[in-house]
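In terms of full-length UniProt numbering, the sequence shown opens at residue 1 and continues consecutively.
Warning: the hint list may mix true and false statements.
Claimed, not checked - Quick list of simulated restraints, FRET-style, between CB atoms:
{"no.": "1", "residue 1": "33", "residue 2": "301", "range": "28 to 38 Å"}
{"no.": "2", "residue 1": "92", "residue 2": "150", "range": "45 to 55 Å"}
{"no.": "3", "residue 1": "475", "residue 2": "186", "range": "18 to 28 Å"}
{"no.": "4", "residue 1": "413", "residue 2": "150", "range": "47 to 57 Å"}
{"no.": "5", "residue 1": "93", "residue 2": "146", "range": "31 to 41 Å"}
Unchecked claim - Capping the alpha-carbon separation at 30 Å, the derived lysine-lysine pairs in DSS-like fashion look like this:
{"no.": "6", "residue 1": "404", "residue 2": "208"}
{"no.": "7", "residue 1": "440", "residue 2": "455"}
{"no.": "8", "residue 1": "399", "residue 2": "95"}
{"no.": "9", "residue 1": "440", "residue 2": "399"}
{"no.": "10", "residue 1": "404", "residue 2": "354"}
{"no.": "11", "residue 1": "346", "residue 2": "270"}
{"no.": "12", "residue 1": "333", "residue 2": "251"}
{"no.": "13", "residue 1": "399", "residue 2": "333"}
{"no.": "14", "residue 1": "262", "residue 2": "208"}
{"no.": "15", "residue 1": "270", "residue 2": "196"}
{"no.": "16", "residue 1": "320", "residue 2": "340"}
{"no.": "17", "residue 1": "357", "residue 2": "333"}
{"no.": "18", "residue 1": "196", "residue 2": "320"}
{"no.": "19", "residue 1": "162", "residue 2": "150"}
{"no.": "20", "residue 1": "84", "residue 2": "340"}
{"no.": "21", "residue 1": "150", "residue 2": "232"}
{"no.": "22", "residue 1": "412", "residue 2": "357"}
In case anyone wonders, no lab produced these hints; they're calculated from the structure.
Glycine residues also receive a C-beta, built at the ideal position from the N, C-alpha and C atoms.
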Amino acid sequence: MTTKFYDRLSNDLTQLLENPIDYNVTIEVGEAPVSQIFEVHSYILQSRSPYFKKKFNESPFNENHVKELKIPNISVKVFNFIIKYIYGGTITLEKLENSIIFDLLMASHELDLDELVEHLQTHFVTNNASWLRLNFSHIYQTSYQVKNFKIIQNFCDNIIAKHPNTIFESGDFNSLPEYILISIIRLDDLQLEEYKIWDYVIQWGKAKNSNLPANLNEWTSDNFLTLKTTLKNCLPHIRYFNFSGEQVVNKLYPYQQLFEPKLLLDINTKFLAPNNPISATILPPRNILNVTLPTRTNPIPSNIITDEHALEVSSWIDRKETPYTENNPYEFKLLVRGSKDGFDVKTIFEICDKVSKTVIVIKVEGTGEIIGGYNPLEIYNNISGNWYRSQDSFAFSLKTENLKNSIVSRVKYFANAIYYDSGRSYLQFGNTLNLRGNLKTGKNSLCRDYFKYEKQICSNEGEFSVEEFEVFKVSPHHIIHF
1 MTTKFYDRLS
11 NDLTQLLENP
21 IDYNVTIEVG
31 EAPVSQIFEV
41 HSYILQSRSP
51 YFKKKFNESP
61 FNENHVKELK
71 IPNISVKVFN
81 FIIKYIYGGT
91 ITLEKLENSI
101 IFDLLMASHE
111 LDLDELVEHL
121 QTHFVTNNAS
131 WLRLNFSHIY
141 QTSYQVKNFK
151 IIQNFCDNII
161 AKHPNTIFES
171 GDFNSLPEYI
181 LISIIRLDDL
191 QLEEYKIWDY
201 VIQWGKAKNS
211 NLPANLNEWT
221 SDNFLTLKTT
231 LKNCLPHIRY
241 FNFSGEQVVN
251 KLYPYQQLFE
261 PKLLLDINTK
271 FLAPNNPISA
281 TILPPRNILN
291 VTLPTRTNPI
301 PSNIITDEHA
311 LEVSSWIDRK
321 ETPYTENNPY
331 EFKLLVRGSK
341 DGFDVKTIFE
351 ICDKVSKTVI
361 VIKVEGTGEI
371 IGGYNPLEIY
381 NNISGNWYRS
391 QDSFAFSLKT
401 ENLKNSIVSR
411 VKYFANAIYY
421 DSGRSYLQFG
431 NTLNLRGNLK
441 TGKNSLCRDY
451 FKYEKQICSN
461 EGEFSVEEFE
471 VFKVSPHHII
481 HF
């Protein structure tokens with residue numbers, strides 16, 4: 001039987017890092033003036049990391065018989081965790097912000113610390129899946145750029161397969177690299193009808209060629225050739241033989257100039273003479289599930305908040321002390337999105353006229369804060385400035401990578417709960433959340449606490465503009481929670 005004294009070994013090597021006697025390498029980490037020099041031992045580092053083994057072989061000793069390295073693209077804070085892991089084999093993540101943990105993951109990949117890369121991916125998927133969803137587009141693209149991020153990549157693929165709108169309806173969809181779009185449309189279990197996949201691929205291709213006419217009837221042969229060239233690597237992954245006859249006519253025929261003549265003939269043959277042989281490769285149909293998914297059955301259609309955020313807002317609506325964790329009792333139906341409908345507050349009045357029980361969510365430009373409010377009252381268009389009474393309205397700030405805990409601020413002065421002025425484009429939750437004019441181009445909105453609501457929800461009282469905003473109608477699902 002072999003006895004292993006790993007704790008003592010880890011402690012002794014960590015002490016050697018803190019008191020680096022006989023060091024023979026210095027590593028300058030970060031950019032001046034916040035860089036820091038670490039004194040370390042080449043044998044330890046190169047035995048733990050192929051990256052350092054290669055670097056040390058390439059670096060000569062100076063006159064003091066010390067090798068000097070520089071790693072400017074890794075922060076001092078991140079490297080402190082890495083070097084302690086290399087020496088002591090331990091790492092503590094509990095008090096770290098998720099953005100720092102992700103930087104740690106990227107740095108671990110760069111330094112060829114495969115064990116740590118696997119551990120950090122597992123940590124995210126197991127303990128911080130909501131953060132991955134909140135930053136989904138960036139995380140997903142990164143997982144495909146970095147070859148050994150397989151755990152996160154599989155996590156993202158599973159989300160996209162089960163909930164394709166996560167990526168197809170995101171604001172970043174049209175900017176996806178081609179190789180990522182192909183990886184998505186190749187998924188056998190992508191839960192989306194084939195003609196809708198076709199529509200998204202066409203949308204992506206058109207976005208890459210902004211000079212194409214908006215009206216398809218105005219397209220020339222050169223326009224179709226441009227789109228065909230853009231989509232040449234995507235088109236082979238569409239499962240054309242799973243279209244219905246009606247879908248072929250309505251979806252494929254308008255773009256028949258994108259097809260090679262033989263493929264178009266085979267598609268026609270499939271529907272006009274299905275017993276005749278065809279030469280094209282017939283891809284299998286998608287594995288569309290016929291059962292209700294156990295989780296995320298109604299993912300919120302938002303580019304700003306996650307399902308976990310929506311559960312928290314729902315618990316505030318119901319005045320629950322403990323947030324819901326699954327089976328949201330409310331449906332969040334998207335009514336307005338700034339990037340789609342326009343950023344002026346008057347758009348809210350026009351689209352949401354006579355609609356009650358709405359939630360507005362806002363991503364603040366520059367800070368990344370997610371703020372908003374719940375309004376149980378009907379919204380009135382074409383009305384001059386008036387305060388309206390409510391006992392149930394509240395404003396909030398949702399947990400992000402920079403905010404440890406969400407904030408809810410309930411109305412205290414019921415008579416001054418909600419303020420409407422469609423003429424001046426004002427919509428206010430007391431003065432805790434004051435939305436004015438064009439939320440994106442005009443820096444006129446602000447968050448202040450003048451005692452009408454319980455507390456301030458923003459990091460400061462200054463005026464701000466928004467990166468995106470959305471308004472949802474909240475309706476009961478009639479799900480019972482115990």
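- Query: In ascending order, which of the hints set out earlier in this document are inconsistent with the structure?
  - Reply: As far as the earlier hints go, 1, 2, 3, 5, 6, 10, 11, 16, 18 and 20 are violated by this structure, in ascending order.
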